[in-house]
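> In case you want the letters, here they are:
6 protein chains.
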Amino acid sequence: MANTIRASVIQSCTARFNLSETLDKFENLTRLAKERDGSQLVVFPEGFIGGYPKWSTFSCFVGERISEGRDEFVKYYNAAVEIPSPAIDRIAEVSKATGVFVVMGVIERDIGTLYCTAIFVDPVEGLVAKHRKLLPTACERFIWGQGDGSTLPVIAKKFQSFVEPTRTVETKISATICWENFMPLLRTYYYSLGTQIYCAPTVDSRESWESSMRHIAFEGRCFVLSACQFATEKDYPPDHPVADASNRNPDNVMINGGSLIVSPLGKVLAGPTRKPEDILTADLDLDDVVRGKFDLDTVGHYSRPDVFQLKANISP
Amino acid sequence: MANTIRASVIQSCTARFNLSETLDKFENLTRLAKERDGSQLVVFPEGFIGGYPKWSTFSCFVGERISEGRDEFVKYYNAAVEIPSPAIDRIAEVSKATGVFVVMGVIERDIGTLYCTAIFVDPVEGLVAKHRKLLPTACERFIWGQGDGSTLPVIAKKFQSFVEPTRTVETKISATICWENFMPLLRTYYYSLGTQIYCAPTVDSRESWESSMRHIAFEGRCFVLSACQFATEKDYPPDHPVADASNRNPDNVMINGGSLIVSPLGKVLAGPTRKPEDILTADLDLDDVVRGKFDLDTVGHYSRPDVFQLKANISP
Amino acid sequence: MANTIRASVIQSCTARFNLSETLDKFENLTRLAKERDGSQLVVFPEGFIGGYPKWSTFSCFVGERISEGRDEFVKYYNAAVEIPSPAIDRIAEVSKATGVFVVMGVIERDIGTLYCTAIFVDPVEGLVAKHRKLLPTACERFIWGQGDGSTLPVIAKKFQSFVEPTRTVETKISATICWENFMPLLRTYYYSLGTQIYCAPTVDSRESWESSMRHIAFEGRCFVLSACQFATEKDYPPDHPVADASNRNPDNVMINGGSLIVSPLGKVLAGPTRKPEDILTADLDLDDVVRGKFDLDTVGHYSRPDVFQLKANISP
Amino acid sequence: MANTIRASVIQSCTARFNLSETLDKFENLTRLAKERDGSQLVVFPEGFIGGYPKWSTFSCFVGERISEGRDEFVKYYNAAVEIPSPAIDRIAEVSKATGVFVVMGVIERDIGTLYCTAIFVDPVEGLVAKHRKLLPTACERFIWGQGDGSTLPVIAKKFQSFVEPTRTVETKISATICWENFMPLLRTYYYSLGTQIYCAPTVDSRESWESSMRHIAFEGRCFVLSACQFATEKDYPPDHPVADASNRNPDNVMINGGSLIVSPLGKVLAGPTRKPEDILTADLDLDDVVRGKFDLDTVGHYSRPDVFQLKANISP
Amino acid sequence: MANTIRASVIQSCTARFNLSETLDKFENLTRLAKERDGSQLVVFPEGFIGGYPKWSTFSCFVGERISEGRDEFVKYYNAAVEIPSPAIDRIAEVSKATGVFVVMGVIERDIGTLYCTAIFVDPVEGLVAKHRKLLPTACERFIWGQGDGSTLPVIAKKFQSFVEPTRTVETKISATICWENFMPLLRTYYYSLGTQIYCAPTVDSRESWESSMRHIAFEGRCFVLSACQFATEKDYPPDHPVADASNRNPDNVMINGGSLIVSPLGKVLAGPTRKPEDILTADLDLDDVVRGKFDLDTVGHYSRPDVFQLKANISP
Amino acid sequence: MANTIRASVIQSCTARFNLSETLDKFENLTRLAKERDGSQLVVFPEGFIGGYPKWSTFSCFVGERISEGRDEFVKYYNAAVEIPSPAIDRIAEVSKATGVFVVMGVIERDIGTLYCTAIFVDPVEGLVAKHRKLLPTACERFIWGQGDGSTLPVIAKKFQSFVEPTRTVETKISATICWENFMPLLRTYYYSLGTQIYCAPTVDSRESWESSMRHIAFEGRCFVLSACQFATEKDYPPDHPVADASNRNPDNVMINGGSLIVSPLGKVLAGPTRKPEDILTADLDLDDVVRGKFDLDTVGHYSRPDVFQLKANISP
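As given, the protein sequences belong to chains D, G, S, A, C and H, one line each in that order.
Take the first sequence: its letter number 315 is residue 315 in full-length UniProt numbering, and every next letter is one higher.
Take the second sequence: its letter number 158 is residue 158 in full-length UniProt numbering, and every next letter is one higher.
Take the third sequence: its letter number 140 is residue 140 in full-length UniProt numbering, and every next letter is one higher.
Take the fourth sequence: its letter number 60 is residue 60 in full-length UniProt numbering, and every next letter is one higher.
Take the fifth sequence: its letter number 228 is residue 228 in full-length UniProt numbering, and every next letter is one higher.
Take the sixth sequence: its letter number 139 is residue 139 in full-length UniProt numbering, and every next letter is one higher.
Since the hints were derived computationally from the structure, they do not count as laboratory data.
This one's a predicted model, so the numbers in the text were calculated from it and none came from an experiment.
Please note that a few of the clues may not be correct.
Note that the list lumps identical chains together, so a pair holds whenever it fits in one copy or between two copies.
With a straight-line cut-off of 25 Å between C-alpha atoms, the simulated SDA-like cross-links for lysine to any residue are [claimed, not checked]:
| hint | residue 1 | residue 2 |
| --- | --- | --- |
| 1 | 75 | 141 |
| 2 | 158 | 78 |
| 3 | 275 | 81 |
| 4 | 293 | 304 |
| 5 | 54 | 250 |
| 6 | 293 | 74 |
| 7 | 293 | 35 |
| 8 | 293 | 126 |
| 9 | 130 | 240 |
| 10 | 75 | 290 |
| 11 | 130 | 243 |
| 12 | 234 | 70 |
| 13 | 311 | 300 |
| 14 | 158 | 305 |
| 15 | 96 | 69 |
| 16 | 157 | 112 |
| 17 | 130 | 248 |
| 18 | 75 | 283 |
| 19 | 172 | 316 |
| 20 | 311 | 149 |
| 21 | 311 | 21 |
| 22 | 311 | 301 |
| 23 | 311 | 145 |
| 24 | 234 | 129 |
| 25 | 54 | 241 |
| 26 | 34 | 54 |
| 27 | 275 | 70 |
| 28 | 267 | 210 |
In isolation and in its complexed conformation, chain D is listed as follows:
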């Protein structure tokens, strides 16, 4: 067990598209994970900074966009953050102050296009990488652009062993956002770079998400840390669309959580939780990755490069 670190997934939500309030939430939750649970790494959900405009249509119809939708987009655009920017700096400061490595979903603004991005923030080095979602799903396609192959990092990070503090634990960390998790070639690419701590920020709160997370953990022989937003109507601006406009209620669930942590053998270590705000913490014994690779290494002894070859284009 010496080869172990402690990690958490955070179930929470954006504060009504309000950046400063959301950063406060981030800071409080990160400090709590550190102080209460001793966590060394935390994963926040998809779009935690910037927000996930659930149930919006941005007044888009096939063949038409109207001005209301454009104005809504301006607001959403302004709620997003550039990378780097002061918001990212603040995240890095909290990471530094607590010593916690942060993986977080943010809405990134780059000139005219928004991206659904995950950032990796190191307590010592600050922002070390980002990953832009490759394929937005359905309506997301008219608010977010597509990332390219240049932001598919797998980060090498050394932690102090949680069990034997004098020992160093070497890990590799990646992030796959929401339905990217259903892209088998992307997953294979991450496996091929040796991901061990496979973070999955998401807003998919369906019951079946757990099945997929378990499958991926098993298939990739990696820890899966899936952080989902849990949000109710009161977590959105009062005029935000909801599932049933005739029945608005501050406590109606918008996004239903379901965050969980799974081991490389497919065992659920924590969660899925349905609490509005929750921190799930688990000890990740990195040797479990090796135990799992023993009989299944889909990018090593369990691949057939003579039959199937995956080519990745990682140029910008």
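With the hints as your guide, set chains G, S, A, C and H onto chain D.
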């Protein structure tokens, strides 16, 4: 003027997602273009086969799809055609019977994904090529996939001179669908292959469309033949969404036409028309292309390959 | 629902490595699936013909094989079948007599090497294809060879609609054996060929198998029909190794079943069953594949061929 | 509307190749734009300093140049300015005095070669950048050299909000001269750097220019500020060539104006004007850029980098 | 005889899976070969670094792996080395210090998979190449992955003549591990690249091994240097499996050696030795290779490329 | 042991290039093998019919051939047999009479060229196939031509079980002549066709031959039946060249025998014999092939077709 052919753009619409009826329309309009105007090439609008589901949202919201939307998609999926298939065969038969070269927008079905495609049908050789739209716009992104670089044909086609029937007129034909016309790199690629008859099937019926067609004709030094759908509420199934559900009227305009033909010097030769069903015909003097290239050849003497290089990846 | 067929997965086991007895079982179960449930397609588990030598080690050690292991292999070799051979003919006869399409796991003998194979038997055309497992797992690697890219069929098969008998239902069928289901590139390849009825003969009877089958159904937007063996000690020869030799009991479970059928939206339609012998039957509405592809087509609109390219070498 | 600045395009002409007189005109017009209209940014036409020698041939023939032409070029050469130089300093002084940001077309002298250049002059920082026209058109090719990739700036500039003076408005400004506007790769490059205020100094006064400006605004989702010269025969030296030497008249139009301002959605905000001297002013709501990018970002979500890649060589 | 070098094969074993102790053994044996025998090249057995877990089963059964096996694998995984890594550096240092070229079997760790690898270490250039075993045998298949065609090096190396020190001897060196020696196509490939010093690290200590080494030397017209481990029970950890658990004895033989050196004409130059630790040294007259090729060059005049063609895929 | 046949290799020699006498020898030895040993298959050496002209040079020099050599060739030519021909008929009669399957080396005459051939004669079907040596060695090259890919048969033959006469034993038989045994691609080809009884008629009587036969048996997992000539000077015409013309002695050994039989696990079942005339007989348990393939099938599970591909051209 000897180097001239006669061509038409067809302003019409899909018949309530009904394939057989729409094929009848196609046949009648093609025969009319031939018999009345002597046309040798006709261009039909975007999605003429399969239909353009204007004002639909397919019950998509950011973060949610519901079963009504999926069922609507099944219907739309079934209205699309495979390439090849009997519907394509019928188009080829009409082309053969009339001697008219056909460029037409169709919704193409390929295993699980639909594409917004333009087909090129030759009176002698039948289906010779297709082009899949590279980038659906906004809501279109959840009903159509993205084409790739392998379907960007510029077709070489020899016609009989309309003026001197014993003479052969050599042409090059391409198709760019709707807002693809706003992709400067795609246009440059077509220019670089020598397109002369730049067909632009569309459903963009805004007034400003004419400006873009004129610009493109001038920039590319090519004839632009833009065919737009004109459709009213009665051209859709009765339960189809409309702009204002409280004010349904069979004659309310859904798509407003605006088809036109422009010369390589940016002169409007015919249209824009706002008639519900119309055939615009013009004589295309291919020598005008040369005349235009004299002082502007954006892929030749008017390019700066030392500063800007365009690389196209046309592999599937 | 008109686009529906009815299909079954069979949970059963090989009869003590006895070919003729196992073929009798096959015939009885197939007839029952047809007569009782009206099934049009049945899927049998991995190694149903030939058998799965659970708990054997074939007296292999790292660096040594001893004669007992070689003799055990001779027996196992003789229990396997060639393709074609009289055993395959009998399967084809039953398929013909009942009108049931059969997908079945068999141990195939080819000169000196055994393969873990799935066969596809059509009521009219007889044996139409086979698939050899690409990668045996752990100990399987010293009893079975590796298949190559030439046996990765996706079979196009037209069935009579179960609901509207005058209508034809077009389907595509594939087979992926046991832990091949954890090979993301193989799955992607099958998706790219349009598999809709993804058969998964297996002997993996762990609880977590259900998660993976649900994930795959969802990821691939296909029906997953997983047939697992259920076997007890009495289903093996008396001298066959068992989990605990000190506690032999005819009713001790060797392989624990868990067969199930999942829809393209990840919903479990039948099972998982833990009965020793069971037939699970479900109606497969092929339109559900389209409903699913609407928002997820990992080999169409939800792929990123510019970033990831999968090359398959399917030459022998 | 808080994110708004006020800007003007100046329609005017060079004063008979007279530098000092032309600088006076510049100062007067800039002060007027500021004082009358409150303008914060002004765009002057192509070749405003140095002049556009319309109808000259510089006595060039295919295969021959004669001394008269050479002498004419000496004069034109001397009318041009170096960058920097006292003329540029004076422009900077006016900019500083008025607080107006200036984009202006000048004929630049660099040792033996002239360039058709646009300069960017900031009220605080003075001359901040220049752009040399990449490709002179036709006869221009024997009086001007070609710029290279090192002078393709997009300037980041913060203005005071015109509506809420306490607020800062961040903008990006570029310049594209005359028929450079028909170079799709150059435009794409500017889009890729985030241009929002796309200045288009020109002498193209054809009616169709408006179409192209509208197209570019829409395609690039930027404000287009096109300033054209308006000149009559009296604005040239008396011996300057004219369209019809047999019918010289001081009021004959040499260049016909047509300056205009277009919004990122393709709407004409001001002009086109045909007045001899005119200042067109409009409020530029920078949020309109975002509104436009919402559904069209040709260098972001509406590009296909997997299919088309633009490489720019910006080294000198 | 001037074209002669002196080379040794080392018969020894891994020190109880202990890396540092094994590296000490390596250093001592290499120094002895150099100082006592004057050797210029030494070959160490298969898996010398990392170890060969003879008689283990890693608790694998057909269809089952249990946690004891996984834990055993973690240990074995940790005993393996990455390439490069400090262990490889130390080997290079010894090579440099002694001037001896080293070919050695190591267990290589690459992300999740282990490989049975041979490394080539040059006194001047350090690690120059590696070869991963293409096909593990039987139980090895669940602990090691398969190498691919990209690690099949034949190294060109110039030695000082052992007989005439002023003269340079050009050689080509390859490595084939254990039962790879029974892969006729692999051998042919190495012959085709001109191997002259065919190293064969192994743990096959059967009496018949000598026959195969003689055959290969004759067939390939190369020197064969086969180094086998010799290990007793005391060379393994106390809890390591043995042939007969009821009769453990520190001196029981686990691997029986049999290292030898054969000339290109099939003559045994040294060995086979059955001593626990031994260094066999021979003078290799490279002219013997030519002498042998005179009447048998299986990749030249003694091949039939019109009838048999070998294609090698050496891409990764 | 039920899957067993009994087979013999014959060590003998041609009778002084005398056909009839040699056929008598054949008949006697075959009957003896049958009657004394119960043999069902016999293998005769290379060139048994026609003879092996050991020590001849046919008066060839580099650059010159003289008439004596030509005359010698005429004699040798006449001693050879056509296939078919009366000599072959006689062999078939003996095979029929005794029930023994015969594999025999013969010198075949085909118009102007001689070939070193092996024939396969079945007791029931007579001559069933022949194999022509692909590559004569050294001087053989001026007396024999090269066979091509069309005579590389592997014969399927059913024998009566020697142990349980009511049972049928299925076998596959091939022949590889002399140094063809050093052609790894040829051997691989035979392995790929499933040879189990690998006959090796030869005249290579070196001590090292045994090593190669053992290696091949092990590598190919087949029984190797190597029949070598044993001849003394008296077995040649009196004027035939000898090793030492100054020391002619009727009993001087010309070819030294060494026939042997090896099992698929590399174990020598009979021989090597050095007797002038000898019949070695062994029981071949075909299950040993399967036992051997269990851990080594160089053309099945122990091949790497992704890395190495062997293409055989078997057209005439």
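> Please work out whether the CA atoms of residue 275 and residue 70 approach to 25 Å or closer within one copy, between two copies, in both situations, or in neither?
neither (34 Å within a copy, 30 Å between copies)
> Should residue 75 paired with residue 141 be assigned to within, between, both, or neither, using CA atoms and 25 Å as the limit?
Both: 17 Å inside a copy, 22 Å across copies.
> One pair to classify: residue 130 and residue 248, alpha carbons no more than 25 Å apart. Within, between, both, or neither?
Intra 37 Å, inter 49 Å, cutoff 25 Å: neither.
> Using 25 Å as the alpha carbon limit, work out where residue 311 and residue 300 are close: within a copy, between copies, both or neither.
Result: close both inside a copy and across copies, 15 Å intra and 17 Å inter.
> Between the shortest in-copy and the shortest cross-copy C-alpha distance, which are at most 25 Å for residue 96 and residue 69: within, between, both, or neither?
Neither. Shortest intra-copy (39 Å) and inter-copy (40 Å) distances fail the 25 Å Cα cut-off.
> Is it within, between, both or neither when you check residue 311 against residue 301 at 25 Å Cα-Cα?
Both: 18 Å inside a copy, 19 Å across copies.
> As a check of your reading, is residue 293 near residue 74 (CA-CA no more than 25 Å) within one copy, between copies, both or neither?
Between. Shortest inter-copy distance 10 Å satisfies the 25 Å Cα cut-off; intra-copy 47 Å does not.
> What label fits residue 275 with residue 81 when the C-alpha limit is 25 Å: within, between, both, or neither?
neither (28 Å within a copy, 45 Å between copies)
> As a check of your reading, is residue 158 near residue 78 (CA-CA no more than 25 Å) within one copy, between copies, both or neither?
Between copies, since 17 Å is at most 25 Å while 36 Å is not.
> When Cα atoms must be at most 25 Å apart, do residue 311 and residue 21 count as within-copy, between-copy, both, or neither?
neither (42 Å within a copy, 41 Å between copies)
> How would you label the pair residue 311, residue 149 (within, between, both, or neither) given a Cα cut-off of 25 Å?
The answer is both: 11 Å in one copy and 17 Å across copies each meet 25 Å.
> 25 Å Cα cut-off: does residue 293 pair with residue 35 within a copy, between copies, both or neither?
neither (33 Å within a copy, 43 Å between copies)
Of the numbered hints stated above, those contradicted by the structure are hints 3, 7, 8, 9, 11, 14, 15, 17, 21, 24, 26 and 27, listed in ascending order.
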